[in-house]
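Here are the chains, one letter per residue:
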Amino acid sequence: MNATTDDNELTTVHSEPQPDREPVLSATGLVKSYGRVEALRGVDFELYPGEVLAVIGDNGAGKSTLIKCLSGAASPDSGTLRLDGREVHFRDPLQARQAGIETVYQTLAVTPALDIASNLFLGREIRKKGPLGTVFRLLDTAGMRRVAREEVQQLGITTLQDITQTVETLSGGQRQAVAVARAAAFGSKVVILDEPTAALGVRESGQVAQLIRRLRDTGLPVVLISHDMPLVFELADRVHVQRLGRRVAIINPSTSTMEDAVAIMTGARSV
Amino acid sequence: MKDGVGMRRNPRRRFTPFACVLGIVVGALVLSACGGSSASGSGSGVKVALILKEFTNPYWISMENSAKSEASKLGVQLQVTAGKSDDDTTSQINQIDEAIAAGDKGIIIALNGDAVNSALQQARSAGLVVVAVDTPPIPASVADVTYATDNTAAGVLDGKWTAAKLGGQNADIAMLDDLANQVITVDVDRDHGFLKGMGIPVGNQNVNGQEPTSGKYTGGKGGSYKVACQLATNGSQTGGQSAMETCLSKDSNINVVYAINEPAAEGAAHALQTAGKKNVTVVAIDGGCSNLPFVASGAIGATAGQFPGKMAVSGVDAISAFAKTGKKPTNQAGQDFFNTGTQLYTDTAQPGVPSITSAAASKVCWG
Amino acid sequence: MMADRTGVSAADLPPGTDETPRRRRGNPVQELLHAHPSLGPLVVLVLAAIVFDLINGRFLNPTNLSIMLQQVAVIGLLALGQTIIILTAGIDLSVGAAMILVQMVMAELAVSNGIPVILALVLGLLVALLTGLINGVLVTRFGVPPFIGTLGTLGVFTAVGLKYANGQTITPPTSSLLLWTGKFINFGSFHITVGVLLMIVLYLVVGYALGRTAWGRHVYSVGDDAESARLAGIRTGRLLVSVYLVAGLVYGIASWVQIGRVGDASTDISSTLNLDSITAVVIGGVSLFGGRGLVLGTLFGALIVQVFQNGLALAGVQDLYQQLAEGLLVIAAVSLDRWIRKVRR
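Protein chains in written order, with this note's numbering: chain D, 1 to 271; chain Z, 1 to 367; chain R, 1 to 345.
It should be emphasised that the hints constitute simulated quantities derived from the structure, not laboratory data. Among the hints, erroneous ones may be present.
[Said to hold, decoys possible] Per label pair, the in silico range of CB-to-CB distance:
no.: 1; chain 1: R; residue 1: 163; chain 2: D; residue 2: 88; range: 37 to 43 angstroms
no.: 2; chain 1: D; residue 1: 146; chain 2: R; residue 2: 238; range: 28 to 34 angstroms
no.: 3; chain 1: R; residue 1: 184; chain 2: D; residue 2: 130; range: 34 to 40 angstroms
no.: 4; chain 1: Z; residue 1: 364; chain 2: R; residue 2: 323; range: 57 to 63 angstroms
no.: 5; chain 1: R; residue 1: 51; chain 2: Z; residue 2: 182; range: 25 to 31 angstroms
no.: 6; chain 1: R; residue 1: 31; chain 2: D; residue 2: 126; range: 56 to 62 angstroms
no.: 7; chain 1: R; residue 1: 143; chain 2: D; residue 2: 49; range: 19 to 25 angstroms
Glycine included, C-beta positions come from ideal geometry on N, C-alpha and C.
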């Protein structure tokens with residue numbers, strides 16, 4: 001096959017033809033520039049119900065920007081975003097959350113000074129019932145802790161024993177678990193994970209992989225951005241390949257190899 | 001993940017903050033052009049800089065007002081500035097430099113400390129006349145002429161009156177000075193003047209706080225004394241109140257309080273009143289009209305009045321004359337400064353100590 | 001953390017064993033101070049009080065204790081507002097100037113303009129809120145670093161205050177509500193003023209808000225890591241403006257307490273109020289880097305400064321030693337903060 005230029009908009013799908021399903025989350029023609037840098041040059045995206053979709057790409061391919069547009073942390077300059085078929089515009093992360101999209105950022109977005117339960121409920125704290133809650137705005141600390149414990153147990157996270165511990169005393173893997181638990185607890189439509197194992201060792205990566213499987217098993221579709229090819233090929237149902245601001249391919253991990261994926265990602269092979 | 005963290009402002013809006021900043025800068029320039037100088041003056045072109053200690057004590061505002069009205073009478077352009085506090089010499093040095101750069105004919109200054117001396121020398125080398133008011137510089141030769149109260153004489157009046165009033169009783173004294181960490185003439189002269197009037201040795205000629213803390217005083221009928229407490233007040237009301245409270249904690253039997261000026265004395269009187277202490281003799285120096293009610297009620301027993309208006313007017317006159325005739329003003333022969341006078345205001349006059357009543361004082365007070 | 005690619009898959013290792021240590025344990029003292037950041041200042045306060053009482057037996061007299069509380073009331077309130085701002089990793093250099101301005105506004109409106117005192121107080125508090133709003137908008141909308149923004153407003157508020165006051169000292173009539181904060185409440189030979197009581201009440205209210213409400217959590221979150229807070233969905237801009245508004249309101253109450261304490265309103269108040277408030281906050285164990293510390297600590301910090309001032313004066317020690325002591329306490333507090341923070345990974 002001859003090398004095609006970057007301007008070739010062809011997106012060849014290596015997977016089997018999709019059954020007639022509506023994507024939960026989709027985007028067409030997303031464009032986003034930061035000054036002179038064109039981070040996204042017309043990106044299309046689909047996420048189907050109950051799947052784990054991995055997003056891979058080299059540095060500068062636009063993965064982070066794409067995720068920010070999906071999660072409300074950035075606004076695309078043009079293009080449309082659809083959730084459950086309806087067009088949406090997110091002005092800030094809060095709106096995306098309210099729509100049911102939970103994101104676990106690479107930086108985790110946790111407050112080290114606060115404890116696990118507080119972090120879980122950050123921005124959506126529960127108040128006590130009655131006048132104590134409405135007039136005096138008193139937080140239901142015990143209630144939040146109870147729910148936090150339940151969430152953690154449901155996801156089978158054994159490494160978080162004491163949810164009154166402050167996050168700053170936790171290891172990288174434990175903090176990741178907190179962030180994922182938060183997304184799982186509140187995510188109703190989509191969960192996005194940005195490089196969840198980047199800073200972790202083998203053992204903790206494995207635990208995160210298990211978490212992701214649990215998430216999918218609860219019916220939540222997951223978008224997984226990762227450099228970790230073994231993890232991607234272990235977990236993903238489909239792989240979205242991002243290169244130079246565009247989606248250049250969708251790969252089926254059961255029929256393609258990691259080498260194929262890397263080659264497409266770096267442009268060594270074109271589709 | 002550092003690419004553009006949440007910067008969602010669209011390019012057009014970027015101009016609005018810039019325009020605001022530009023507007024603010026222009027506004028500030030306009031304000032300082034308008035607000036800065038005061039006296040109208042058809043602009044005979046004589047420019048004078050008046051540098052006060054600070055703008056918060058009403059004494060300086062009164063001096064500023066007297067200077068302004070004299071300046072407008074003579075058609076002199078007056079630029080009034082001040083330090084940020086009683087010990088701020090840095091601002092004053094900057095203001096002296098600005099006066100030289102602006103081509104002023106002269107500087108009238110109530111200095112905050114001798115750190116300004118070399119800047120004043122520079123001003124004189126550049127041909128400006130330097131008039132010191134209220135606080136004589138050390139050494140006196142730093143200024144061409146000084147108009148000040150004889151602060152020692154003022155303190156002596158207070159001291160003599162107190163000694164006479166005590167009539168031989170024991171004196172349990174609190175000394176409330178101005179500054180803790182800087183030595184200025186006003187502070188030392190008034191403090192030592194009071195001690196002299198009381199007939200108490202000063203210990204060290206040049207600094208406060210070195211007098212023997214107990215012994216016998218020789219003023220009036222004479223008797224024994226002790227200095228229970230000596231604290232700085234920064235010449236402010238809050239400072240006077242805090243210092244008095246602390247002094248009372250140290251010794252609840254204080255019956256004599258010397259205060260550097262009226263705000264400090266008023267603060268001390270307030271502290272005494274809330275502590276329920278009666279029959280404490282408080283003396284001060286200033287002569288402000290707003291203080292006379294305290295004198296009338298006895299909360300402040302006596303105060304030695306000053307005439308800041310005279311100082312300011314004399315200063316403006318001297319520089320104006322220099323501009324016309326080229327003749328520099330000088331102190332009287334053999335004197336370090338022009339004495340603008342002092343008088344004791346009290347409603348409980350003591351024999352042998354000349355004074356006038358608070359009612360009479362209302363005619364000559366300032367402010 | 002090193003990536004451990006030994007070729008062993010996670011499934012091979014027994015479940016539940018931790019690969020990495022949970023956290024680096026500091027020594028017990030570090031841990032204790034980390035959990036209770038106000039403990040250090042409390043210990044210093046108690047020790048200082050004991051030592052000064054040994055030097056001068058009058059130190060712990062009820063009268064002297066009363067005096068210290070009265071002397072600390074205004075700066076205590078200023079430090080309270082300052083604490084909330086510092087918790088967000090900000091700082092407020094305009095605090096003293098705002099208080100002086102509001103104080104003049106309250107007094108002038110009530111006494112010189114004959115406006116009913118309650119209305120004058122309310123208007124004064126509105127001006128206080130306005131100063132907070134200006135600072136808040138500068139920091140959020142214009143993105144000016146708090147140090148620089150409040151340095152600017154320090155000059156502006158000072159100038160406005162001086163112009164408005166025009167050198168006058170305004171003395172309200174003794175029955176005026178303006179002086180209510182100076183009224184005494186007696187408990188035998190120990191007495192406090194209404195102003196001291198107001199200070200304690202406000203510390204309790206703000207302490208509650210910071211510890212028990214969502215707003216408080218968000219303050220700590222924004223201070224600890226503002227970007228994480230934003231990503232977690234907190235509206236950081238709004239939160240910061242609310243912080244400056246609350247601080248402004250507290251400064252407004254401080255103005256009222258100041259009038260009651262001194263008996264009148266004038267601009268002739270210390271020029272170092274802003275630094276004094278920051279000193280109290282830092283000595284109280286509140287971190288200048290944001291996100292850590294309690295208002296209780298600030299209260300201890302303010303009391304420590306007052307105790308040293310009063311104790312040294314009673315002992316007849318020169319004023320410069322008091323400044324030395326304050327400087328050393330600040331250095332000690334900041335060093336302690338850095339040492340305690342080492343507990344985190």
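So which of the earlier hints does this model not fit? 1, 4, 6 and 7
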